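Okay, here's what each chain looks like letter by letter:
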Amino acid sequence: MKLGHNTRSRLIIASSFLVALVLSILPWPIWTEQFRPDWVALVLIYWCIALPTRVGVGTAWSVGLILDVLYGSMLGENALAKSLIAFLAVHFHLQLRMFPRWQQAAVVLLLIAANNLLVLWIKHLAGQAPATWGYLTPGIVSMLLWPWLFVILRDIRRHGNVN
Amino acid sequence: MLQVSHWQIRSPSNLTRFVLLALLSVSLMLLDARGHHLQKIRAGLTVLFVPIQLVAALPVRVGSAVYDFIRGDESLRKEIARLRAEQPILLARLQKFEAIEAENVHLRQLLGTSALVADRAVAAELLEVASEPYRHAVVIAKGAKDGLYLGQPVIDTYGIRGQVSEVGILQSTAILITDPSHAIPVQVNRNGLRAIAFGTGTADSVSIRYLTASADIKEGDLLVSSGIGGGFPFGYPVATVAKIVNDPNESFLDISATPVARLSHNKEVLLIWPAKSSMSVDTTKPAEIKKPVVRKIPVEPKKPVAVRSPAVSNPSAEAPRPVVVEPTIPAEGEPPP
Numbered sequence: 788m789k790l791g792h793n794t795r796s797r798l799i800i801a802s803s804f805l806v807a808l809v810l811s812i813l814p815w816p817i818w819t820e821q822f823r824p825d826w827v828a829l830v831l832i833y834w835c836i837a838l839p840t841r842v843g844v845g846t847a848w849s850v851g852l853i854l855d856v857l858y859g860s861m862l863g864e865n866a867l868a869k870s871l872i873a874f875l876a877v878h879f880h881l882q883l884r885m886f887p888r889w890q891q892a893a894v895v896l897l898l899i900a901a902n903n904l905l906v907l908w909i910k911h912l913a914g915q916a917p918a919t920w921g922y923l924t925p926g927i928v929s930m931l932l933w934p935w936l937f938v939i940l941r942d943i944r945r946h947g948n949v950n
Numbered sequence: 224m225l226q227v228s229h230w231q232i233r234s235p236s237n238l239t240r241f242v243l244l245a246l247l248s249v250s251l252m253l254l255d256a257r258g259h260h261l262q263k264i265r266a267g268l269t270v271l272f273v274p275i276q277l278v279a280a281l282p283v284r285v286g287s288a289v290y291d292f293i294r295g296d297e298s299l300r301k302e303i304a305r306l307r308a309e310q311p312i313l314l315a316r317l318q319k320f321e322a323i324e325a326e327n328v329h330l331r332q333l334l335g336t337s338a339l340v341a342d343r344a345v346a347a348e349l350l351e352v353a354s355e356p357y358r359h360a361v362v363i364a365k366g367a368k369d370g371l372y373l374g375q376p377v378i379d380t381y382g383i384r385g386q387v388s389e390v391g392i393l394q395s396t397a398i399l400i401t402d403p404s405h406a407i408p409v410q411v412n413r414n415g416l417r418a419i420a421f422g423t424g425t426a427d428s429v430s431i432r433y434l435t436a437s438a439d440i441k442e443g444d445l446l447v448s449s450g451i452g453g454g455f456p457f458g459y460p461v462a463t464v465a466k467i468v469n470d471p472n473e474s475f476l477d478i479s480a481t482p483v484a485r486l487s488h489n490k491e492v493l494l495i496w497p498a499k500s501s502m503s504v505d506t507t508k509p510a511e512i513k514k515p516v517v518r519k520i521p522v523e524p525k526k527p528v529a530v531r532s533p534a535v536s537n538p539s540a541e542a543p544r545p546v547v548v549e550p551t552i553p554a555e556g557e558p559p560p
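Taken in sequence, the protein lines are chains A and B.
Read in order, the letters of the first sequence are residues 788 to 950 in the working numbering.
Read in order, the letters of the second sequence are residues 224 to 560 in the working numbering.
Keep in mind the hints are simulated off the structure, nothing from the lab.
Please note that a few of the clues may not be correct.
Stated by the list, open to error - Here are some chain B residues the structure puts well away from chain A; computed CB gaps all over 12 Å: (1) P311; (2) L314; (3) R316; (4) E321; (5) E326; (6) Q332; (7) L333; (8) A346; (9) D444; (10) P460; (11) V468; (12) S474; (13) L493.
Unchecked claim - Restraint ranges, calculated between C-beta atoms of paired labels, are given here: (14) A:V938 to B:N469: 51 to 57 Å; (15) B:K263 to A:I817: 28 to 34 Å; (16) B:E348 to A:R797: 34 to 40 Å; (17) A:T819 to B:L333: 54 to 60 Å; (18) A:R797 to B:L281: 22 to 28 Å; (19) B:V345 to A:L931: 42 to 48 Å; (20) B:R294 to A:R795: 44 to 50 Å; (21) A:H792 to B:E348: 42 to 48 Å; (22) A:T819 to B:N469: 33 to 39 Å; (23) B:G286 to A:H792: 35 to 41 Å.
Owing to the predicted nature of the structure, the values given are computational and were not obtained by experimental measurement.
Note that the Cβ used here is the ideal one computed from N, Cα and C, for glycine as well.
In isolation and in its complexed conformation, chain B is listed as follows (with noise of 0.2 Å):
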């Protein structure tokens, strides 16, 4: 209690400060969720707890490091065979590949669309530390320093990992495409239907949303990115379609796909920059580059479907849908670089 002349200062009430703290996080979380206000202060309390995270990242690079001596010559040997038998391999199939690249360019060209071209990747570290419980997310120790932008695309040696959240100035955040608030537009890659890849917040599966009993899609389809919306490139893998329930009940197919990428395996992730290609996609338009924008769900053509149907199958769809994450494209002069 503070005595100033007669007067008595109370320090406030727990209940007062309670509420007045709750209003403050209230008007935060509208600042963080609309615009970006709050970028750059997010950014530097990053920088000012990367310390904790290093910490908590410690033990695993110790473990992998004793793992690593361990294990010893025997192991390491057989690992190197492995990789020697598998480079010509992977190689031959590169020679194909670019064979086909070139003949897809002069394809193009006669058509006089722009050709594709080959996107720039960079390998980047991921920080071991865990997500909040609900999200599915990795650090990467990269940063807005190596060029890195909000919704760039994140792959691995398999497939599509996730895309970038959050740009920090030494390392980002990505969310993983099994993440409950991600959503990828796909397309089967035997007959270019296409569909969208939500997550569900479960390890190992996506779900493929608003498709009818009509679609020709089948266990074991392979999906791969269809380049709409101008996030993510054409032609990436994202997942293996699992399991198809078809309950006539419901108006849509409950389809779960498993992802291709190893979610939760890799130490290292690839970044891409995607190349500026013919995607159709108006990319003279500035975009919001912050947040991501509910587009409309691409389905197919000829049945337009409402966003939200009170049949939808899946339970979690009759909660509020999940914002369909596609990343905006960032505006001309930004990065990539």
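This is chain A alone, in the form it adopts within the complex (with noise of 0.2 Å):
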């Protein structure tokens, strides 16, 4: 089967998105809930790093509201809570590429934790906030995965020529 160069980076890209989205509704013993990475957004922090072009708040917005029906919660506010992210990245992505990979870990944290407490803050307007000061804890799972995924990731645009 030959596809055409454009297509198969956007089946690439649109295949890693859907991995993540299973990976966060995967079930997982009730007391590791808190500790659950969160992988949509580290899978678009790499892509608006690696491709701004590509990858951008259009995606980000898109797959947040994958995310919202999965979830049941309020349309729009995890795809609120992505574009940020989406936006931060892309924004910033020339000093991110140039950061060491310890750093970009702890701007990958900040952001999680940007969107984490922009999804509480939406939850308390809607009159549904949880007691829990849990919005920091999938930051910091997600920032000790980065630099693991980050290499698999790259590995996947390079082998398959995703650009």
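Using the supplied hints, reconstruct the complex from the two chains, each of which is provided in its own coordinate frame.
Below you can see the structure in the form of structure tokens.
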């Protein structure tokens, strides 16, 4: 089967997001819930840094909306949070590319913390706020995962010649 | 960059896109939160993304199939023996229950009130997918085609588990009683003291708020649904009181209770269609179906309490109080069929 280069790149990016979506609703024991990394945000940040012309705010918004549907949260809640991440990542992508890996990881922590804070804030406004400080833990776990995920996604990108 | 005759049309900048999409998100959220404009769209989208949920649920299914295969005959035989031993006891209890029910109906007839009829129940399987962080919800593999309705009580063999919060075509979502946006009217089984059990967002506790130090409630008390508000039928176990903290500086007791239902264990739940009964609710009023309504909190009759008190002991109560999710009564002509 011969696919156009463009189509194939799109397919690879889309399937990476699909995997991230499945991972974010994969069931785990309930006590591990607060440690679940934000897979969608991680994949999103990678593509925003690597291919800011292809993946940006629009992609982030659509993926966030799918997440809203899967989670049953208010439509637009995660969409807004994910587009914020994408906006910041695309805006600073040149700096981020230059950063050493650990510094990138720190930025990932900040971005995901901002994402979770925004979601919690929206939930507060809607009157469904949980009594928890858990918005930092997913960010920390994601930060620890970032270097590995970065390598995996970079290899996928090079191997699949996605650009 | 697009070139139309001599004009150059730039694609919108990153910031412009972000602002536009942010506005779109906010308007979507407003539409979603206020009214039912998006129900159809959401139902359609949910159907579209069912495959993702099925894939996510696959590992657990395969895992439990493998587990059943490996653990073999011995433990299955044990389980059958246990169930056989259990069944006569349950049946014996049921005999008594039927007699009491008959007596109850008779007494109610004498009093001239309508009788409490048994509720209809249907077992439903849970789809094993995780819910959003900070929320406690389950996905039920039944939907509008099975007659589910918004606010329908969901129980398991031990007690009340939650209520249906979103009805899809093929599947629905139910929030558990521990979800931070959930609240259920209860009463102490021992003496009929009324209260409300709020979800806290932690896995195994609900909090009973707005009870004063003079309230007759003890650790170990069983809380059953009171049937007030009409969403949940009367008399199903909800939680047992685990801890009561009486801080003299606070106006109210800080009570935490442990849900009776096994919220994170069973793979099956029961959906019930409460029978029309003598619940003290005006069921003729057409109610808003989609969203939970904010109701006044029933407190002890003699001491009405302001809904928001600055001295509420629970720190989370300082924040905007979660909406008391009391499922509204389905309007006439709606399911239950």
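Comparing the hints with the structure gives:
{"no.": "1", "hint": "P311", "result": "holds, 34 Å"}
{"no.": "2", "hint": "L314", "result": "holds, 34 Å"}
{"no.": "3", "hint": "R316", "result": "holds, 31 Å"}
{"no.": "4", "hint": "E321", "result": "holds, 37 Å"}
{"no.": "5", "hint": "E326", "result": "holds, 42 Å"}
{"no.": "6", "hint": "Q332", "result": "holds, 43 Å"}
{"no.": "7", "hint": "L333", "result": "holds, 45 Å"}
{"no.": "8", "hint": "A346", "result": "holds, 20 Å"}
{"no.": "9", "hint": "D444", "result": "holds, 23 Å"}
{"no.": "10", "hint": "P460", "result": "holds, 21 Å"}
{"no.": "11", "hint": "V468", "result": "holds, 15 Å"}
{"no.": "12", "hint": "S474", "result": "holds, 19 Å"}
{"no.": "13", "hint": "L493", "result": "holds, 21 Å"}
{"no.": "14", "hint": "A:V938 to B:N469: 51 to 57 Å", "result": "holds, 56 Å"}
{"no.": "15", "hint": "B:K263 to A:I817: 28 to 34 Å", "result": "holds, 32 Å"}
{"no.": "16", "hint": "B:E348 to A:R797: 34 to 40 Å", "result": "holds, 36 Å"}
{"no.": "17", "hint": "A:T819 to B:L333: 54 to 60 Å", "result": "holds, 56 Å"}
{"no.": "18", "hint": "A:R797 to B:L281: 22 to 28 Å", "result": "holds, 25 Å"}
{"no.": "19", "hint": "B:V345 to A:L931: 42 to 48 Å", "result": "holds, 45 Å"}
{"no.": "20", "hint": "B:R294 to A:R795: 44 to 50 Å", "result": "holds, 45 Å"}
{"no.": "21", "hint": "A:H792 to B:E348: 42 to 48 Å", "result": "holds, 44 Å"}
{"no.": "22", "hint": "A:T819 to B:N469: 33 to 39 Å", "result": "holds, 35 Å"}
{"no.": "23", "hint": "B:G286 to A:H792: 35 to 41 Å", "result": "holds, 39 Å"}
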